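*Asks:* Build the full structure now, drawing on both the sequences and the hints.
Top to bottom, those sequences are chains A and B. Whatever position you read off the first sequence (first residue = 1), add 4 for the working numbering. Whatever position you read off the second sequence (first residue = 1), add 12 for the working numbering.
One or more of the hints may lead you astray.
[What the hints assert, rightly or not] Which residues of chain A face chain B? A partial, calculated answer using Cβ under 8 Å:
id, residue
1, Met49
2, Gln95
3, Cys99
4, Pro117
5, Arg132
[Claimed, not checked] Rough simulated footprint, nothing fancy, chain A against chain B, three-plus residues with beta-carbon under 8 Å:
id, stretch
6, 163-173
7, 307-317
If you are wondering where the hints come from, they were derived from the structure by calculation, not from laboratory data. Just so we're clear, the structure is a prediction, and the values are computed from it rather than from any experiment. We put the CB at the ideal spot given by N, CA and C, even for glycine.
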Amino acid sequence: MNGKDHALVVESTERLLDVLRDRLDLKGVKEGCGTGDCGTCTVIMDGQLVNSCLVLAVQARDKRITTIEGVGTREKLHPVQKALMKYNAAQCGFCTPAMVLAGKNLLDHNPTPSRAEIKEAISGVLCRCTGYYKIIDAIHDAAKEIAGVKS
Amino acid sequence: MTETEAVHKLPEAQGFALIGKRIQRLDALDKVLGLPLYTSDIVPKDALRVKVVRSTVPHALIKRIDTQPAREMPGVLAVLTAEDIPGLNESFAMLPDRPLLASKKVRCQGEAIVVVAAGDLETAEEGADRVSVEYERLPTVTSPVEAMKLNSILIHDSGNVAKYLRVRKGDVKEGFRQADVIIENTYTTQFQDSAPLEPEVGMAWVEKDGSITCVGSMQTPYYVQTGVAKVLGLNPDKVRVIQATTGGAFGPKSDEMPVDTCAISALVAQKTGKPAILEYSRHESMIAHTKRHPFVITLKTGAKNDGRLTASEALVVSDTGAYASLGPLVIIRACFHATGPYVIPHVKTDAYCVYTNNTMAGSFRGFGSPQVHFAAESQMDELARKLDMDPIDLRLKNMLRPGTLTATSQLVDEACGLEECTRRAIEASNWRSKRTEFSHDRGAFRRGIGIALMYHGNSLGPEGNDYAYVHVLIKPGAKVVVRTALTEYGTGAVSGLAQVAAEILGLPIESFELDRADTASCHETGPTVASRVTVIGGRATQLAALKLKERILAVGGDLLQCEPSKLTIKDALVRHLDDPRRAVTFQKVVEECYKRHVNLTETGFYTAPKCEFEGENSQGTTYLQYTYGAVIAEVQVDTELGVVKPVKIIAAYDVGRAINPLSVEGQIEGGTIQGLGYGLTEQLIHLDGMVANPTLGDYYIPTSLDIPEIQTIIVEYPGAIGPYGAKAMGEPPVDLPAAALANAVAHATGSRVFNLPLTPEKVLFATKRKI
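*Replies:* Written out as structure tokens, the structure reads:
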């Protein structure tokens, strides 16, 4: 979990979402629907985006999980976070943790995505405020920044 | 008019340090780190979870409520019904028609009847499942047009019409007599769900002195305070309300829902002595909270052969569901804007807000405007077709310009950029050649391009007292705090207030911090609705900042030994106007102020002038300033499947003054996509009053894959009221996309869909009817 091991005994019916929020106090994971439709509870599990409301906690055994709490700090932001700030791409902020994770996960696998690939990558997360444009611009920018740093 | 000319219209345009700059919101850093605390993130460990038993029928007498099985269930700590309410059993935004907990009768699906609380949600839910409510079903009426009829089933004893108003200008009979062409059509719109990503949530606990503290997701803390106090039978001073970070609102978090969630939690807290939280599930939210009113609009329009409009007659009927909520205000805005932004000498509009047994409709971004603009703008295209004119030529001939009169005979002032919005949208879209080129499409896929124009009366106008209080205080370390009960729920408008104060105080935006909206520390300030924060709150902020500036300059004058009038503040330095080297830091002056006990806390109060209009015929100044806009949509229609693919949207708005263009774009883009959902996919289906699709899986809000290319154009004709001429920009962008898309689809297929949304079935049916 965000680079640390956690030993927990969980009920067979517990959702990963609840374990993250209530037992590990990772409040950056949000619940917007509980039915896997909105994507605000998205986390990265072994390099894949999952809706943590649809994952049972037991399914997360021995998996590497990243939540927003494991992505950046005030002092050292991830390029996606920096770019989201620059574009005012976080409005109400409720989908933002999921968007950051979706953007980061995309760039981890594909550092030079097209706009179409960015749209595809964030399509599992709904945003009701921005119309997605500023988020797409930001992820695009972040990719350029990462490429710039590497070259 | 070119862009350069527009800029010259702005007084002091070159002189601003921060106004008009693309500035990062103050909450940006916290938000990208996932740090803001929403209500559900701060639940005390011992808090009880609350579940509400809701009506499962659309109209019935309640014969019996059996709560015993729930009370007997281990773990259930409270079971409450209407009888347990110590104060008044009511929760309504305007008309006294709605109980907090129904006890005798239910008038729609989803009414709260019984409250069950337990230490965990599972137990509360199980307890709620064990409650049984016995109903005696009553016949239903779910069409507002049927409900208006004299012999209709009555939903409330007062009658089914919650509000009627009208506009009368000129002599509409004479207007139609002068017309060469008359068309008449009926347009209908659907329930739209606002679907903020954070569903409704409220929490409450009892303080040691017996007072109540509520924390919740909301737009207007003082409404919640009044509502909760009434239910608990307490003086409002005994209820403190704090707005937690709010995950989107769009209107429904301004009316009954935050009162319901906080009042129900407070009842449980009072009964049990423990904190309690009520979190709506998405399903519950989509049934219980207020939606965009469905409308039935019949428009009869007359024009001369050259396209000049002569008369408009409109019958506008809104379905407010079982309870009025803010429906009586929504219908006012709809009524006044029903003609669209055109000069029409003879106008007759009758508008009715009507009860039905559908779920409750209320406040939602746009507030009656998207419905009437869909109808008015579809009608303009139908008229253009009949006259064999280009839709743009018809609009250019009739649009509101400075010196013309609106439907309510309000004189349009110089702050009207409608024509420039239109011309710039036309240029950007390459309208003329595309209009012709697309008309030649043959085969299954056909392209279309459509336009729609709008005007949007700013702030409350006839809808209420329009005022705001904003506190600005400078702390000893020279950090400046902006504190107001006008709330932030996503738009960034409260950050905009800091920007306004920063401009006046000559400080960088980083010197500012925002406080939480809290009734314990903020003056009552009216509702956070109608895009009021920037326009009205901005003026209050200016006033507070100017007073502080005066005090800073007075002390600065002492320190620099010169007249305060010779000083200015720039880049956090208090400096001499003629000799910039004579300067002292802002911080130094603040320290000196604290030493001398100079008050650096100020409250700005601004109240807008009253709108003067004659009531019966609604003639006069209905709003103090208007936002104008033009949207052009390009679509591709699959004529075999009826599927509409939006290709490009050009959105041009006269925003008066873009305080922060980055935020303005954010509002235009987000509003456009919410409007696109309204136009194409979003429909909360009611079948005999029962919501058929209350999940985000069955109710389709646009995803990132559904959005077209977008181009935003900002035009600035400073308005009379807002700070630096700023106009309302939260709501307006949702007004037009559906109308522009409908016109583009009609252009592509040659046949019109008269009811929203433009689903494949309807597009296909209309197209086949034509072919």
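*Asks:* Hints first: check each against the structure and report whether it holds.
*Replies:* Status of each hint after checking the structure:
{"no.": "1", "hint": "Met49", "in the structure": "17 Å, violated"}
{"no.": "2", "hint": "Gln95", "in the structure": "4 Å, holds"}
{"no.": "3", "hint": "Cys99", "in the structure": "5 Å, holds"}
{"no.": "4", "hint": "Pro117", "in the structure": "13 Å, violated"}
{"no.": "5", "hint": "Arg132", "in the structure": "5 Å, holds"}
{"no.": "6", "hint": "163-173", "in the structure": "violated (count 0)"}
{"no.": "7", "hint": "307-317", "in the structure": "violated (count 0)"}
The structure fails to meet hints 1, 4, 6 and 7 from the earlier list, while all remaining hints are met.
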